[in-house]
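Participant: Here is how the chains run, residue by residue.
Protein chains: 2
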Amino acid sequence: MSMEIEITSEYIDQLKESIAQKNSGYLKDQLHELYAADIAIVINQLDLNEASYLYDLLEEQVAADVLTELEEEKREELLSTFSTKEIAEQLDNMESDDAADVINELPEEIQEEVLSHIEDIDQASDIADLLSYEEGTAGSLMAKELVCVYINDTVGACIDEIRKQTDSVDVMYAVYVIDENKKLIGMLSLKKLIISHPLTRLDEIVEPDVHFVKTSATSEEVSELMQKYDLVVLPVVDQLGRLVGRITIDDVVDVIREEAEKDIQIMSGISDDVDSNDRLWRLSRARIPWLLVGMCGGIIGSRIIGNYENQIQIHPEMAFFIPLIGAMGGNVGVQSSAIIVQGLANNTLLGDTISNKLLKELGVGVINGLICSSLIWAYSFMIESWKLAATVSIALFAVILCASFLGTFVPLTMNRFKINPALATGPFVTTLNDIIGITIYFLVGRLLYHVL
Amino acid sequence: MSMEIEITSEYIDQLKESIAQKNSGYLKDQLHELYAADIAIVINQLDLNEASYLYDLLEEQVAADVLTELEEEKREELLSTFSTKEIAEQLDNMESDDAADVINELPEEIQEEVLSHIEDIDQASDIADLLSYEEGTAGSLMAKELVCVYINDTVGACIDEIRKQTDSVDVMYAVYVIDENKKLIGMLSLKKLIISHPLTRLDEIVEPDVHFVKTSATSEEVSELMQKYDLVVLPVVDQLGRLVGRITIDDVVDVIREEAEKDIQIMSGISDDVDSNDRLWRLSRARIPWLLVGMCGGIIGSRIIGNYENQIQIHPEMAFFIPLIGAMGGNVGVQSSAIIVQGLANNTLLGDTISNKLLKELGVGVINGLICSSLIWAYSFMIESWKLAATVSIALFAVILCASFLGTFVPLTMNRFKINPALATGPFVTTLNDIIGITIYFLVGRLLYHVL
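Residue numbers (this note's numbering), protein chains in the order written: chain A, 1 to 452; chain B, 1 to 452.
These are computed hints drawn from the structure, not numbers from a lab. There's no promise every hint is true.
As the list makes no split between identical chains, a pair holds if one copy fits it or if it spans any two.
[Said to hold, decoys possible] Listed next, the in silico DSBU-like pairs over lysine-lysine satisfying Cα-Cα at most 35 Å (straight line):
| no. | residue 1 | residue 2 |
| --- | --- | --- |
| 1 | Lys164 | Lys192 |
| 2 | Lys228 | Lys85 |
| 3 | Lys387 | Lys262 |
| 4 | Lys191 | Lys28 |
| 5 | Lys357 | Lys22 |
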């Protein structure tokens, strides 16, 4: 078993030094010890000159694997120094789905040129095929490499066929069975194949009950299906039911992680998929839209408070609790909508009606509202007037109820109109609750101070 | 290929009606058409009587699969109506890891009794073994079912051995090779096994370069390793390097999803793992701690503003922009910390020092701060006094910078002290930024109004 080298920043610094000294012997030894995924992590941290130098030292197959694993921006940077022919050589050593992903990132004007340089005609046509599917569909996720045999064969003939086909397949989880029209009939588990007699006919051991998707299925549908039924590989068929590819769980794991990250970013008010290695301007542009939304909310808030200028002049203590009311409305709204957003993502809301959800959230709101407002009553009654204490605690209770309602209602409604409900957990609901909270607070205040 | 029935609330209502009419013939037909995962979704939505009735109609193996897939609370409810012997019968039909998970949820006093009723002695000892590992470790995640052969065998003998062993294994992705001390030597891919001659010795085709973990590895380490190297199955060894189990990717997919959900909940100020089907009191208790944190923040805020009571009396317009300052500090802080939390989760922060991150975030803060504060200057100069306009825009700029700094610094520091940095993205940083924002705002205000 190979030693695992941990990729630390010290280790990367050490490699950088060796690159500066052009110590190719030492570097080759090191690269030999590393997995492709680890080499990619190293290269992600190098500047372009260092990265090119190190990349050139890699063996052909490893180089292709590393290229697949690199971060998108680093890969673009590196490939921009390659000729179209050199890019084509790399793609020749990749699985078709990875190759299609890489080509998709290239500038359109050179995509065709790269394709024309790929030596393996089958590979080139597989890639061209995959490029035709829309992004985010099963077609764009799948790879063309798979092992399939005809339903009329025997186990022995099938194993011979597998010997021939496995050249193009890295790992093989299942063997698909098709009929003479290439229509998917079922699956052979490798286990059954190994333990069956060579003369057994495939139609005796085929498992006809196999999950599959059409090329047009969305990646969310694919990931849901594979998670629900614990699938490792999923065959993809075209509109006529013909087997055209397969999706493996490792690609879906990436989809799941990206989905979760996208939701977290949206909830945090970041509108674009960015990470902390992105450039300053991109980071800043991804955040400004929601800041402006928040600012509009703040301005509306200022107009509302502006209406009560006289009251504040007479009772400046009214201003003390503005931040508390705003913050609590925001917090409760975020909590409620996070629960709903997760329920929607996990399909655990099924069978429950919207009104049930609302009732339950309002129940939680009543409990938490009573706890919080009696605490704030006790505090403010001790150190402020009873009028202020009553205003703050009544308003707080109303704000918590109102935020529970909105935090439930808004994401459910967004979901019904096919808008990502995670948007509701972010600055949108927070801003809305801020405004509503202030309105309630000053309304209650005016009522108590002027009427009583 | 089987038809897939979509589980809608109409479909569930239909089944409920048939249960009420005790129409077991129709229900059995329906259950026959459904996958275990789908039956579990249905049962999750039934009350206990309905669930018990439907569950009793299931075939033995399907019943065990459904039990595995049920939501934890529904499973507990259902099992509480079973005798320990009946529970043991279900566990006999499960994979060892699923069985151990189920037993773990039972009250401690009956765990031993259930174990003693399991007929298959090997299964019982496997389960007892798995129960001894701490939760959240590779040992608790793994299953004991695996196929392993000795390094000295030939391919032919190995296939015979596989025939014997596969009874206990549902799906088989790889065959592990061990030495006479049960130490893990390497792996055989099924592909190689199928295409090799029966007389080939295993040591000629064994792949010694295999990833593995120790039983004590954390589930995060397992999930990181499997994601990084795109593994479908990972062998687990004990302290002596002996093969004791294997972890499959579908279990890890659940870990990944649960991690992401936990982070979202923590970021939203929910302290316990709850979902919207949980009981009212549990939902409410999971949220109250962070609401109280937010309330303390609000009270501190009220004390700070209290110090400026006279100023507010003279210049009540100062109060107008309190919500804006608070909201913007919160929004910017959440954005910054979300980026850092994700970077930490994805290990993309490697090689970057904390000070680099801080500088970059401050850069983004300066850009967005300049944009926002010039806009607010323009707005407030038009409709308020120049002093208020200057106060608001200077304070807003300072608040945005400060929130960028804290949003970066706090999660990085938490991470260094092994505290989940997602905590920082939630009410904690929001509350802190609220307080700091108000302090800055009134300080700037006093300076401008009194000094100038």
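Participant: Now, for every hint given, state plainly whether the structure supports it.
Facilitator: Outcome of the hint check:
1. Lys164 / Lys192: both (20 Å within a copy, 12 Å between copies)
2. Lys228 / Lys85: For Lys228 and Lys85, the Cα distance is within 35 Å only across copies (29 Å; inside one copy 43 Å).
3. Lys387 / Lys262: neither (46 Å within a copy, 41 Å between copies)
4. Lys191 / Lys28: between (39 Å within a copy, 30 Å between copies)
5. Lys357 / Lys22: Between copies only: 30 Å across, 65 Å inside.
Of the numbered hints listed earlier, the single one contradicted by the structure is hint 3.
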